[in-house]
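K.L.:
So you can see what is in the structure, the chains are spelled out below.
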Amino acid sequence: MGFTLSYLGLFVLIPLACLLLRSAAVPWDRFVATVVDPRVLASYRLSFGASLAGASINAMFGLVVAWVLVRYTFPGKKIVDAMVDLPFALPTAVSGIALTSIYAPNGWIGRWLDPAGVQVAYTRLGVVVALTFIGLPFVVRTLQPALEDLEPELEEAAVSLGATRWQTFGRVILPSIFPALLTGFAMALARGLGEYGSVVFISGNMPMKTEIAPLMIVTKLEQYDYAEATAIAVVMLVASFVLLLAINVLQWRSRRYS
Amino acid sequence: MGIHVSNISKTFGDFTALDDVSLSVSGGELVALLGPSGSGKTTLLRIIAGLEQPDEGSGRVLFDGQDVARRRVGDRRVGFVFQHYALFRHMTVRENIAFGLRVRPRRLRPSRAAIRQKSQELLRLIQLEDLAGRYPRQLSGGQRQRVALARALAIEPKVLLLDEPFGALDAKVRQELRRWLRRLHDEIHVTSVFVTHDQDEALELADRVVVMNQGRIEQVGTPDEVFHRPDTEFVMNFLGQVNFFHGRVEDGKVHFASLSWESPELAPNTARPVKVFVRPHDFKVDTERNGHPSFRATVARVHSAGPNVRLELEAESGERVFAEVSQERFVAQGIAVGSQVFVSPQNVRVFAERTRQRPTRIAG
Amino acid sequence: MAGAIARRASTGCESRAARATAEGPVLRCVLIGVALGFLALFLLVPLVAVFGQALTKGVAVYWASLGDPDSLSAIRLTLFAAAIAVPMTTLFGLAAAWAIGKFRFVGSSVLVTLVDLPFAVSPVISGLAFVLLFGRNGWLGPWLEAHGVSIIFAVPGIVLVTMFVTFPFVARELIPLMQAQGTEEEEAACVLGASGWQTFWRVTLPNIKWGLLYGVILCTARAMGEFGAVSVVSGHIRGQTNTMPLHVEVLYNDYNTAAAFAVASLLTMVALMTLVLKSVFEWQGARQAAQVEGGLIRES
Chain A
0 MGFTLSYLGL FVLIPLACLL LRSAAVPWDR FVATVVDPRV LASYRLSFGA SLAGASINAM
60 FGLVVAWVLV RYTFPGKKIV DAMVDLPFAL PTAVSGIALT SIYAPNGWIG RWLDPAGVQV
120 AYTRLGVVVA LTFIGLPFVV RTLQPALEDL EPELEEAAVS LGATRWQTFG RVILPSIFPA
180 LLTGFAMALA RGLGEYGSVV FISGNMPMKT EIAPLMIVTK LEQYDYAEAT AIAVVMLVAS
240 FVLLLAINVL QWRSRRYS
Chain B
0 MGIHVSNISK TFGDFTALDD VSLSVSGGEL VALLGPSGSG KTTLLRIIAG LEQPDEGSGR
60 VLFDGQDVAR RRVGDRRVGF VFQHYALFRH MTVRENIAFG LRVRPRRLRP SRAAIRQKSQ
120 ELLRLIQLED LAGRYPRQLS GGQRQRVALA RALAIEPKVL LLDEPFGALD AKVRQELRRW
180 LRRLHDEIHV TSVFVTHDQD EALELADRVV VMNQGRIEQV GTPDEVFHRP DTEFVMNFLG
240 QVNFFHGRVE DGKVHFASLS WESPELAPNT ARPVKVFVRP HDFKVDTERN GHPSFRATVA
300 RVHSAGPNVR LELEAESGER VFAEVSQERF VAQGIAVGSQ VFVSPQNVRV FAERTRQRPT
360 RIAG
Chain C
0 MAGAIARRAS TGCESRAARA TAEGPVLRCV LIGVALGFLA LFLLVPLVAV FGQALTKGVA
60 VYWASLGDPD SLSAIRLTLF AAAIAVPMTT LFGLAAAWAI GKFRFVGSSV LVTLVDLPFA
120 VSPVISGLAF VLLFGRNGWL GPWLEAHGVS IIFAVPGIVL VTMFVTFPFV ARELIPLMQA
180 QGTEEEEAAC VLGASGWQTF WRVTLPNIKW GLLYGVILCT ARAMGEFGAV SVVSGHIRGQ
240 TNTMPLHVEV LYNDYNTAAA FAVASLLTMV ALMTLVLKSV FEWQGARQAA QVEGGLIRES
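In order, the protein sequence lines correspond to chains A, B and C.
In terms of numbering that gives the first Met the number 0, the first sequence opens at residue 0 and continues consecutively.
In terms of numbering that gives the first Met the number 0, the second sequence opens at residue 0 and continues consecutively.
In terms of numbering that gives the first Met the number 0, the third sequence opens at residue 0 and continues consecutively.
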C-alpha cells in the first residue's frame with residue numbers, strides 16, 4: 000500500500016503538480032496572450048476539428064466493423080479481430096511515417112488521389128486520416144461487448160410485432176448500443192486531441208494551417224519558452240479533463256439503464 | 000383461429016429437439032405445452048411463431064388451413080411473450096405497447112390518435128394506467144410481464160404464444176398472474192399456446208394439456224384426462240406424485256406388493272411382467288383389514304404439516320410406499336410412527352414392461 | 000432453452016441466416032465488404048507499407064541500416080528503458096491492484112482515477128511536465144546541476160518519462176481482475192496459516208497470471224514505442240539519447256527513407272508479436288475463467 004502510494008506520488012503526481020503550479024506562476028496577461036495567439040488558436044481548431052472528424056468516421060465505420068465481427072463469421076475473422084488493436088500497439092512514429100509515405104503525392108494511394116485534386120499528405124485531410132487510424136480501436140472495442148450483450152429476444156420481440164430489419168435496427172438495436180457508441184466516440188476524440196507522433200509527419204506542420212496543438216507545445220519548448228508552452232498545455236489539460244468527465248458521466252448513465 | 004401442426008421435426012446439430020410432432024389447436028383454446036427441459040416444447044412454440052424453421056421438408060404449420068411456412072414472423076400476426084419479458088429498455092411502458100402499431104407500413108398504420116387510444120385501452124386492461132410513463136427498470140417483474148402481454152396484444156394477434164411467461168417470477172406473483180391470464184383469456188378469447196414446465200400451472204390454466212418428452216408428444220387431453228387417465232408411463236410419472244411397483248399379470252389379475260388386484264379389462268394374456276403405478280391419495284390406509292386386497296406395512300415417517308397427511312410406509316414386501324390421507328382419517332385411525340397398517344389401492348394403472356420408450360397402458 | 004441450444008449449435012453464416020431476425024445475405028456481404036475494406040485501407044496498407052518501404056533498396060541496405068552504430072545504440076537505449084520501466088510498472092501495478100482489489104478503503108476510486116491519469120494526458124504534455132521538473136529551469140534543475148546529475152536531455156530522463164507513460168498499463172489490467180476475483184481464496188489461505196508473501200505467490204499470482212502477462216506485453220510495447228513524451232525530453236542527440244522511434248524520425252527527416260523504415264519495421268514486428276501474444280493470453284485467460292466458473296457450477 001505504501002509502495003503504491005509513494006510510487007504514484009513520485010512518478011505521476013509530482014510531475015503533474017509541477018506542471019500545474021508552474022502554469023499558475025505564469026503572469027496572467029502572458030498566459031492569455033499565448034493562449035489566444037492566432038497561430039495557437041488555429042492549432043486548437045485543427046486538433047479539435049480533426050479529432051472530431053476522425054472520431055465521427057470511426058463511429059460510423061467502427062459500428063460496421065464491430066457488427067461484422069460480432070454477428071458474422073468469415074474466414075480469417077480471428078486475425079481481423081486481433082488486427083483491430085494494431086493502432087494501439089504500433090508506435091506512433093511508425094504509423095506516422097507509414098501513413099505519410101502512402102498518402103504523399105508519389106505514395107501508393109497518393110498517386111491516385113493527387114491527379115484527382117485530392118491532396119492528403121501535408122494537409123488537414125492528412126491529419127484527419129492519421130487521427131482516424133489512431134482512434135479506430137476505441138470505437139470498435141467499446142461496441143463489441145455492447146453488441147455481444149444484446150439479448151436476441153429483443154430483436155425477436157420486435158420482429159414478432161411486425162418490425163422490418165431496418166426498423167428493428169433503428170428503433171431497438173441502435174438505441175441500446177448508443178451509450179457505448181458515444182463512449183467510444185469520446186475516447187477516440189480524447190485520444191486524438193493529444194496525439195503527436197502519428198500526426199506530426201503527415202501534417203506538414205505549416206503554421207496557421209496544419210499545426211496541431213501538441214506541436215505548438217514542442218515548438219515553444221524548443222524556443223525555451225517554458226511559460227508559453229505551459230500555458231498551452233494547461234488549456235489542453237482542461238479540455239482533456241472535461242472530456243474525461245463526460246466519458247465517465249456517459250458510462251455511469253448507461254449503467255443506470257440496465 | 001385454429002393452428003394445425005403436422006409432422007414437424009427439428010434438429011440442432013446432433014440434438015433432436017422435435018421428432019415428427021403433430022398437433023391441432025382449435026380457435027379460442029388455451030393450450031399448455033408441458034414437459035421437462037429438453038422436451039421440445041419451446042422449440043415447437045417458436046416454430047409456430049416462425050422464429051425457428053422446421054427441418055427441410057419435414058412438415059407443415061397451418062393457420063386456419065393456410066400454410067404459413069413462407070410467411071415471415073412479422074406477417075404471421077402472432078403475439079409472442081418471452082420468459083424474460085424482452086421489453087425495450089429505452090422506451091416507456093406506453094411506447095413499448097405502441098411499438099407494434101408504430102412500425103406498421105404507412106398505409107396500414109393507424110393515426111397517432113388511434114394508436115394512443117389503443118395503448119390507453121390496453122393499459123386499462125392490464126391495470127397499469129398510472130405507470131404508462133415509466134421505464135421497464137422501474138417496474139416489478141409481474142408488472143413487466145403484463146406490459147409484455149399488452150404489447151403483444153396491441154397488434155391484435157390471431158394467436159398468442161407465451162414462452163414460460165411466469166418462470167421468472169416469485170411464487171405468489173406467479174399465482175396471481177396465472178389467474179389474471181385465465182380471466183383475460185376468457186374475456187378476449189384469443190387462441191393461446193403457452194409453454195411451461197410447471198404442472199400446476201398447466202393443469203390449472205389450460206383447456207387442454209399437451210405433455211411432451213424428448214421431442215415427442217406423450218399425450219394430449221384435458222387436465223382431468225392427463226392427470227387421472229394418463230396414457231403413458233411418462234405422463235403418469237410427470238404429473239403428480241406416484242408410487243411405482245414391479246408386478247406381474249397373470250390370469251386376469253395384477254400381482255404386486257404381495258397383493259393381487261382384479262382387473263377385468265385384462266384379456267386372457269400370457270403372463271408377463273408389468274409396471275404398476277398408484278398415486279399416494281389412491282391408497283386407503285386402515286389399522287385393520289378391510290376386506291379389500293391390501294398389503295401390510297409399517298409407518299416409517301409422518302408428515303402432518305399440510306392440507307393432508309403424508310405417510311412414508313415400509314411395505315412387508317420391502318418397498319417404500321408413499322400414501323396420502325386426510326387429516327380426519329389420520330386422527331380417527333390413530334396412526335403413528337411404528338403403527339402396523341393395511342394399505343389397499345383404490346385406483347391402479349398398469350403399463351406393460353417393455354424395453355422401448357413407450358409402454359402401453361393395459362389396465363387400470 | 001431451445002433458443003440457447005440453437006445459438007450454441009449454429010455454425011457459420013448459413014444457420015444464422017435461417018433465423019428469423021437475421022439480415023438478408025446481400026446486406027450481409029455488403030457489410031462484410033465495407034468493414035473489411037475500411038480495415039484494409041486503414042490497417043493493412045500502412046502495415047504493408049512499412050515493410051515495403053523498408054525493402055525498396057534491397058535486403059542488403061536493410062541489414063546495413065540496422066547495423067549502423069546509431070541505429071544499434073538507439074536499439075540499445077530503447078531496450079534499456081523498457082528493461083527498467085516494465086518491471087517497475089509491473090511491480091507498481093501488482094501493488095496497486097492488490098491494494099485496491101483486496102482491501103476496502105476510502106478513496107479507492109480516486110486512486111483508480113489517478114492511476115488512469117497518464118492515459119488521459121497527451122504524451123507531449125507528459126514530457127513537458129518532466130522538463131518543468133527536472134530541466135535546467137525546472138524546480139529541481141538547479142539542485143541537479145549542482146550535483147552534476149543531468150536528467151533531461153539524457154538517458155535518465157528518457158527512462159523516467161517511459162515509466163510515466165507506461166504507468167497505468169499493468170494496473171489497469173489487474174485492478175478489475177482482482178476486484179472480480181474477490182478475497183475469499185486469500186482469506187482461506189490466511190486462515191490456514193500462510194504468510195502474506197506465501198499467499199501472494201501461491202494463491203493470488205496463479206489466478207491473475209494471464210491478465211498479468213497481458214498487461215506486461217502491452218506495457219513493453221508502449222515502452223518501446225513511445226514517441227511524443229520521449230521526444231520532448233531527449234534532446235535528440237544521435238548515438239546517445241535517441242530511442243528507436245526517435246531515430247526513425249531522425250532518419251526520415253534526413254530523407255534516409257529506407258533506413259527509417261528498416262528501424263520502423265523492427266518496431267512493427269514487436270507490435271505484431273504483441274498482438275499475437277495478446278490474443279493468446281486473452282484466450283487463455285478466458286479459458287481459465289470459464290474453467291473456474293464451470294467448476295463452481297458443478298460443485299453448487
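Incorrect hints may have been included.
Unchecked claim - Here are the simulated DSS-like cross-link-like pairs (lysine-lysine), alpha carbons at most 27 Å apart as the crow flies:
| # | chain 1 | residue 1 | chain 2 | residue 2 |
| --- | --- | --- | --- | --- |
| 1 | C | 56 | C | 208 |
| 2 | B | 117 | B | 171 |
| 3 | B | 274 | B | 252 |
| 4 | C | 277 | A | 76 |
| 5 | C | 101 | C | 208 |
| 6 | A | 77 | C | 277 |
| 7 | C | 277 | C | 208 |
| 8 | B | 252 | B | 283 |
| 9 | A | 77 | C | 101 |
What the hints assert, rightly or not - Covered by chain A, per the in silico footprint, the following chain C stretches (three or more residues, Cβ under 8 Å):
| # | region |
| --- | --- |
| 10 | 30 to 37 |
| 11 | 108 to 117 |
| 12 | 134 to 148 |
Don't read these hints as lab results, they were simulated from the structure.
No residue lacks a Cβ here, since even glycine has one placed at the ideal position from N, Cα and C.
K.L.:
Count the residues of the region 30 to 37 of chain C whose Cβ falls closer than 8 Å to any Cβ of chain A, and tell me whether that reaches three.
P.N.:
Our answer is that it holds, as 6 residues pass the Cβ test (under 8 Å) against chain A, meeting three.
K.L.:
Within the assertion that chain A covers the region 134 to 148 of chain C, do at least three residues meet a Cβ-to-Cβ distance smaller than 8 Å?
P.N.:
holds (count 4)
K.L.:
Under the criterion that the straight-line Cα-Cα distance not exceed 27 Å, is the pair residue 252(B), residue 283(B) satisfied?
P.N.:
holds, 20 Å
K.L.:
Hint check: residue 77(A) vs residue 277(C), CA-CA at most 27 Å. Holds or violated?
P.N.:
holds, 12 Å
K.L.:
Given the hinted pair residue 101(C) and residue 208(C), is their Cα-Cα distance within 27 Å?
P.N.:
holds, 16 Å
K.L.:
Is the hinted pair residue 77(A) and residue 101(C) satisfied, with a Cα-Cα distance of at most 27 Å?
P.N.:
violated, 35 Å
K.L.:
Between the alpha carbons of residue 274(B) and residue 252(B), is the straight-line distance 27 Å or under?
P.N.:
Holds, at about 13 Å.
K.L.:
Count the residues of the region 108 to 117 of chain C whose CB lies closer than 8 Å to any CB of chain A, then report whether that count reaches three.
P.N.:
holds (count 5)
K.L.:
Residue 277(C) and residue 208(C) were given as a pair; does the straight-line alpha-carbon distance stay at or below 27 Å?
P.N.:
Satisfied, since the Cα-Cα distance of roughly 13 Å is no more than 27 Å.
K.L.:
Straight-line Cα separation of residue 117(B) and residue 171(B) no greater than 27 Å?
P.N.:
violated, 30 Å
K.L.:
Are the Cα positions of residue 277(C) and residue 76(A) separated by 27 Å at most?
P.N.:
Given that 27 Å is the threshold and the Cα spacing comes to 16 Å, the pair holds.
K.L.:
Next pair to validate is residue 56(C) with residue 208(C); report whether the Cα-Cα distance is within 27 Å.
P.N.:
Distance ~44 Å between residue 56(C) and residue 208(C) Cα, so the pair is violated.
The structure fails hints 1, 2 and 9 (numbered hints given earlier, in ascending order).
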